[in-house]
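Student: So the chains spell out like this:
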Amino acid sequence: MNRSFHKSQTLRFYDCSAVEVKSKFGAEFRRFSLNRHKPGKFEDFYQLVVHTHHISNTEVTIGYADVHGDLLPINNDDNFCKAVSSANPLLRVFIQKREEADHYSFGAGTLSRKKKVLVTLREEGLRRRAHLDISLPHDFRPVSSIIDVDILPETHRRVRLYRHGCEKPLGFYIRDGTSVRVTPHGLEKVPGIFISRMVPGGLAESTGLLAVNDEVLEVNGIEVAGKTLDQVTDMMIANSHNLIVTVKPANQRNNVVRSSRTSGSSGQSTDSAASHHSLPVAHVLQNFHPDEMESDEEADIVIEGTLEPQSVSKMQGTPSGSLSRANGSSLAHRLQRDLALHNPGRESHGSIHRLLCSLKADPRHSLVLPQGGVEEHGPAVTL
Amino acid sequence: MMKFRFRRQGADPQREKLKQELFAFHKTVEHGFPNQPSALAFDPELRIMAIGTRSGAVKIYGAPGVEFTGLHRDAATVTQMHFLPGQGRLLTLLDDSSLHLWEIVHHNGCAHLEEALSFQLPSRPGFDGASTPSSLTRITVVLLMAAGNTAALGTEGGSIYFLDVTTLTLLERQTLSPDEVLRSVPDDYRCGKALGPVESLQGHLRDPTKILIGYSRGLLVIWNQAAQCVDHIFLGNQQLESLCWGRNSGTIISSHSDGSYAIWPMDTGGSPTLQPSIATIPYGPFPCKAINKILWRNCESGGHFIIFSGGMPRASYGDRHCVSVLRAETLVTLDFTSRIIDFFTVHSTRPEDEFDDPQALAVLLEEELVVLDLQTPGWPSVPAPYLAPLHSSAITCSAHVANVPAKLWARIVSAGEQQSPQLISSASSWPITGGRNLAQEPSQRGLLLTGHEDGTVRFWDASGVALRPLYKLSTAGLFQTDCEHTDSLGQAAEDDWPPFRKVGCFDPYSDDPRLGVQKVALCKYTAQMVVAGTAGQVLVLELSDVPTEQAVSVASIDLLQDREGFTWKGHERLSPRTGPLPWPAGFQPRVLVQCLPPAAVTAVTLHAEWSLVAFGTSHGFGLFDYQRKSPVLARCTLHPNDSLAMEGPLSRVKSLKKSLRQSFRRIRKSRVSGKKRVANANSKLQEANAQLAEQACPHDVEMTPVQRRIEPRSADDSLSGVVRCLYFADTFLRDAHHGPTMWAGTNSGSVFAYALEVPAAVAGGEKRPERAVEAVLGKEVQLMHRAPVVAIAVLDGRGRPLPEPYEASRDLAQAPDMQGGHAVLIASEEQFKVFTLPKVSAKTKFKLTAHEGCRVRKVALATFASVACEDYAETCLACLTNLGDVHVFSVPGLRPQVQYSCIRKEDISGIASCVFTRHGQGFYLISPSEFERFSLSARNITEPLCSLDISWPRDATRARVQESPKLSQANGNPSIILAPQSRDGSPDPTLKGADTPELPESTLSPMSIDSATSADTTLDTTGDVTVEDVKDFLGSEESERNLRNLTEDEAPTCTILIK
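Listed in order, the protein sequences are those of chains A and B.
Just so you know, we're using numbering that gives the first Met the number 0 here: the first sequence kicks off at 0 and counts up by one.
Just so you know, we're using numbering that gives the first Met the number 0 here: the second sequence kicks off at 0 and counts up by one.
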C-alpha cells in the first residue's frame, strides 16, 4: 500500500518545522509551506488555498493524500491538523470544485492504481443507478461503531449506538440470565444481563453488531455485574442518546477471523496495533464534526418567551372562567404564535423560520413522533 | 474491563474529615404506633409499658421521650411479655416457644435494651425429642413468681415447669405434671380425661408460695410451691379462658369459652369446691363468644371493677371488638374499631395495700392504644402523648415545616386544645410515666403535616422523640358527600343494649375517596396554608383564633384550555356547600379553587407574600391570586397523543393494560377453540370457566422471562403532562432585573418559567394594592433526556437556596445575594443540573442514573451543621433513590458527598412516603402506622435519651442513669451506627479539641471546595468511561470553542443549544 511517496521523500526539511505543500487544482499546481507544529485553523488554510489558486469565488473541496495513498478530505481543524502533522514531508493537496466533487469519492485506494479498477467500477455502478447523489462523508451520520477493539479482550465487543437524530427506535430488550465464568475455583455460574429480543428494523438490529443472547457486560463503561435488570434498564435509558454497550457476543465465531485492515480510515480507535485483533468493523464514517458526536451531551432546548405581558387584563372580567388559550402546549404551535405576536424589531423572522425548519427537520424536536410505546416511568403521584 | 475515572473524589483528606463532621447516618426513632402488635406488658413499679409485635420487635415506653427498642433475632411473633417488676428486665415468649430475657443495661458508656439470655424448653423427659409432639411442650402461659427469680411455665401438655430467671435454666426437680394434680382430684371428676393445656397461672399477691393454676378443661388448683402440695381444688366444668385473683384473696374469678364468668369463694376447707358462688353470662341468654381475659379490681370506695374482653352475643355482635367494664350497676361496652390484643389496669400493687384502686385501663388494639381514666366519672379516654395511630385514616402525603415561629406554634396548640378540651384536662393523667427524658428542649420547633384519605390534615409536634398530635384540620365539611346521612341513621338505629361506647380514633373507612389530601403547603409566617386533594380541589386556608361563620369563595380554572378531543372519564368534582358555614377556631378555608378536569392535584406551592398559589394536575398547571380571588394563569401541559391522562384516575392505566392483555387472551383463546367449536350452550360456559381459571393462575404470563425494553423516553409517553413540581422565586428570568417568577416541571422533562408582575406592596402596608398579577412565559426548557422533573430550586449568587417568603424581609434568614449570578437547580429523575440565570445555560450537572442505575425519587436542599464547629454549615442536596439509598451532593458543585442505604428497595411505599427536613433529617413510613426518623446530619439528631431508675435484686437498689441510642431497628434493615456520638447540637468537646488545628482551613466557605471551572466539573461529574472521553478531555478546550461556533451558527437567537 505504501508506495509512491516514500520514493520522492527528501530529507531536506526533515528536522525543520516547515511542511512543504503541493496543491493541485485541475492541472495547476501551487507550492507553499506550513508550520508543522502550528498549522493554524482550517478556515485560514482554506482562504490561503483559494487565494493562491485565485478561485475565491468558487466553492471547493480540499483533499490530501495520506501516507497510505488514500485521498482524504480536509474540512475541519482536526483533519487539517492531522494532514499537516502526518505529511512526510510533502503534503499533497487536491482541490476540486464542489459540484464536481460529488462524483468523486474520498476513501481508501482512490489514488492507488491497483484499486483504480474497483473504484471506477463502483463509480460506474453508482452512475448507472440513476445518478444517486452521494454527498460528502461529513454529511453522513454514524449510526453505530465498534470501539476500543485495541483494549478489549477478543471475546468482547464494545458497541456504540448513536441514537442522535435517528428516527429508528433503539429496538432491543434485555433480560436476566446466568452466565458461566472461569474462576480460580473452576467454572461458576453468575447472574448476568442478556439481550433478549431485537425489534425488527430497529437500530440495534440494523447495525448487526448486537444479537439475541449477547451478554451485556458494561453500559457506558460501568460494569453491570451486581446490578438488577431494572438498574441496567435505567442506565441504558439514561444513556440512550449515546449508548455504549460492551457485550460478550453469543456467537463468537466472528472473533477468530483475523482479517487485515479493511481500510485505512482515519478513525481514532484504530492504530497499527489494533489491526492484529480487529473485529469485523462495520463501515463507519468518521469524518463528522467531532464535537457533534464526541460529546455525550444532549442539548436541552431553551425557548425564550416573548417577555411581554400577555393581555391578562381582558380576562379579568371572568375570574372564575377559563383563561384564553394563549398558552398552546406544542412547541411548534407556540413558536408560530410567537411569530404572529412578535414585534419584528426584536428578532428577525428569518431566524425564527430557520428554527421552525430545524424543528421540523430534526425529529427530536418534532412533537409528533412515531409511536414509541408505553414505557415505564416513575409514579406520577408520589406521597 | 477498562475503566477510566478522572480525578477520583475523596483523595482530599481535609474534605474527608469535614465530611465526617457534617454527615452521619442514623435511624434514630420510630414515631407512631407499632405495626401488628401482639403482646403487652406493664411494670407497675417503674411505670413502663412494653409492646411486642409480630415481627419480633419489643418496644418499651415510659414518660414522653422515654423509649427503648429491641428486635429479636428471629422474626417470630412475640406472644407474651412479662416485666420483672422494678428491674428493667423483660421476659418475652415467642410463638416458637422460646423465651428471651431482655435487660435495659448500661454498656460501654451508653445503654440500650439488649437481649441477655434465651431459652428453649427441652422436649419432655422420658421421650426422645423426635417422638414428642411439639405441642406437648409448647408454652401456653408464663408466670413470674413473686418469690425469688423463678418463673412458672404452663404448657400445652398440662405440665408446669419452673425456671430460674436470672440464668434461664430449668429447675428440673420442681416440674409439676398433671398426674400429680390429678391425684388430689376426686375420681368422678377425673373419669379418665386429661386436664388439657394450662390456660392460666396466677400468683398470690400476699403469699408468694401459692400459685393458682387453671387447666383448659376447667379445673382450678391452688398449688403450694413450698410444700409441693395442692392447697385447694375448684372443680370447674366449663372450658377455661382466663383467671384472676381477688385482691384480698377471698375470691377467684374465672372466664370461660361460652361467654360466662364465674366467681369462686375461697374457703379454707379441705374439700374441693364444686360450684362457683356466682356464674353468669353477661351478654346472654343467646350463645356468646368466649371471654378471653378477665380482671377483678376492688376499690377503696367500695365495690369492684370487673373488666373483660369478648363475651359478645355471637349472632348479633360477634364481629365487634369489645371490652366491657362493669362496676356495680354501671356497665360500659367499649366498642373498638380493631382487634383487641391485650389490656391491663394501672393500679396499686403494693402487697400492704388493701385495695387495687385502679387508676386507668389501657387497651392495646391491633391499630391503636386506648387508655381510659377510671377515676374520673364517665371513664373518659386519655389522649396519648405518643403512640398516636398515624394511620387512623391512611396517610396520603406528608410535609415537614422546620423552625416554626413560637407565635404560630402557640396558635396551633391552642386551636388543638379547643378542638379536644380533654387534652389539657387529662394531660397529667397519662398513667405511663416511667423514666426521665434527659434530652434537652429541642432548639427549634418542627411540625410534621400528614394529609389523609378522609380529607384531614394532622399537625404533629415532630420536635422531639415523641410524636405528639397537635391539631387536626378537616376539609370534608366544605363539601357535600353522600355518606353523611347513612352514618347518622346507623347510629340512631342502634339499641341501647349492650351499652356500646365508640372508643378510639382508628377509622380506616373514608367517606369519599375524592376528599383525599394529595399535597399540603404551609406558610409559617402568615399561618396560611394550601391543601389540595384528589378531585382537583385546592383550598387556601388561614388560621383564625376564633370560630367564624363565613362563605368560602369558589373559583374554577380550566386547565385543558379548550383542547379538543378529550373527554374526562374520571370522577366528578366535589360539590362545595354554598352559603355561610360555621368554622371552628383553627385553619378556616378562605378560597376554593377547583381544577377542571377534576384530576388529582400533583403539585402545589404557596407564596404568601405575593398572595399566590400555584397548583398542577396531570393536565396542566394554574396560578391563582387568592387576595383578589382571580385566576392569573392556566396552562395545559398535555401532549396531544397522551390519551391516558384523560382516562381519569391514574390507577386506570394499569387496568387498561390488564384489560388489553385479557382481551388479547380472549382473542387467542377463541381462535384456538374456534376450530372445534360446537354450537351449544355448554361451550360458552366452558369458555367462561377456562377464562376464570386463567385469571386465577396467570402462569402463562410468568413463564416468559421478564424483559425490559431499552428505548429512550419519547414525547408521547403516557402521562407526560403530569406537573411534578412548582416553585416560586424572586430571581433573574429576564435580563438584569430580578422579579417574581414561577417555575413548573412536568413528567416529560419540560420546565416552564414564568415572569410574574406582582404589584409591589405599599411601604409599611401588609397588603399589596388591588391590581392584577400578570404572568408572562419567560423560558421553556425541554430536558433532552425527558425524565420527570422532581424539583426546582433557585440558588443565589453565593450558591445558597433562596429563603422562603417573608424570611428575608422579616430578617429571619440571611438575605439572599441579589446581585446576580443566580442559578437554577433542576432535579429530574435521572440527573441534577444547574443552569445559570437568566440565560439558562447549563453550568454543572450530575447524571445519577447513567452512573448508578438508580432513579431519583425525592430531593431536598438541607443545611448540614458541623459537629466540630459551631457556626459552620453547608447547604447540600439530599436525594433518595428508587433503590432506597440516600445520596448527598454539594451545591452548586453537585459533587457526591456521601451515600447511605436507608430503605429496602422493595419497600416502595416507604420510599414514596419519604420527606426530608431542612436540617438534614427525614421521615419515612415503615408501616402504615409508623414513621421511621433518620438523620443524615452528624449534628442534628433526634433520638431517645432517657434514664430509668432500676433496682436490681442482685446488687441492692442502685439508681443507674442510662442512655439508649438506638442500635437496632425494630423494622426495616438494621444498620450499623459508627459515629462520634455528639448530640443535641453541642459539639463534642473532645472532638473539638482534636480538630482545632484543622479548623481554619475547614471553615472556608463551602464554595471554595465546590468551585471548579465548568470544564473541570463536567469531566468530574460524568464518570463516563471510554476512550472518546479521554479525547474529550484532551481536546476539551478546542471542542468547546468549536461547539460555541456551532451554536452560533445553528441556533437562532431564540434557541440556545446547551452543552
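Hints should not be assumed to be uniformly reliable.
Simulated pairs of lysine to any residue, SDA-like, Cα-Cα distance not exceeding 20 Å [said to hold, decoys possible]:
(1) A:K40 <-> A:H67
(2) B:K904 <-> A:N74
(3) B:K292 <-> B:S270
(4) B:K904 <-> A:L228
(5) B:K904 <-> A:L216
(6) B:K192 <-> B:Q238
(7) B:K904 <-> A:K247
(8) B:K18 <-> B:Q35
(9) B:K904 <-> A:T227
(10) B:K904 <-> B:E869
(11) A:K247 <-> B:A115
(12) B:K471 <-> B:W582
(13) A:K188 <-> A:N212
In case anyone wonders, no lab produced these hints; they're calculated from the structure.
Student: For which of the previously enumerated hints does the structure constitute a violation, in increasing order of number?
Tutor: Violated: hints 1, 2, 3, 5, 7, 8, 10, 11.
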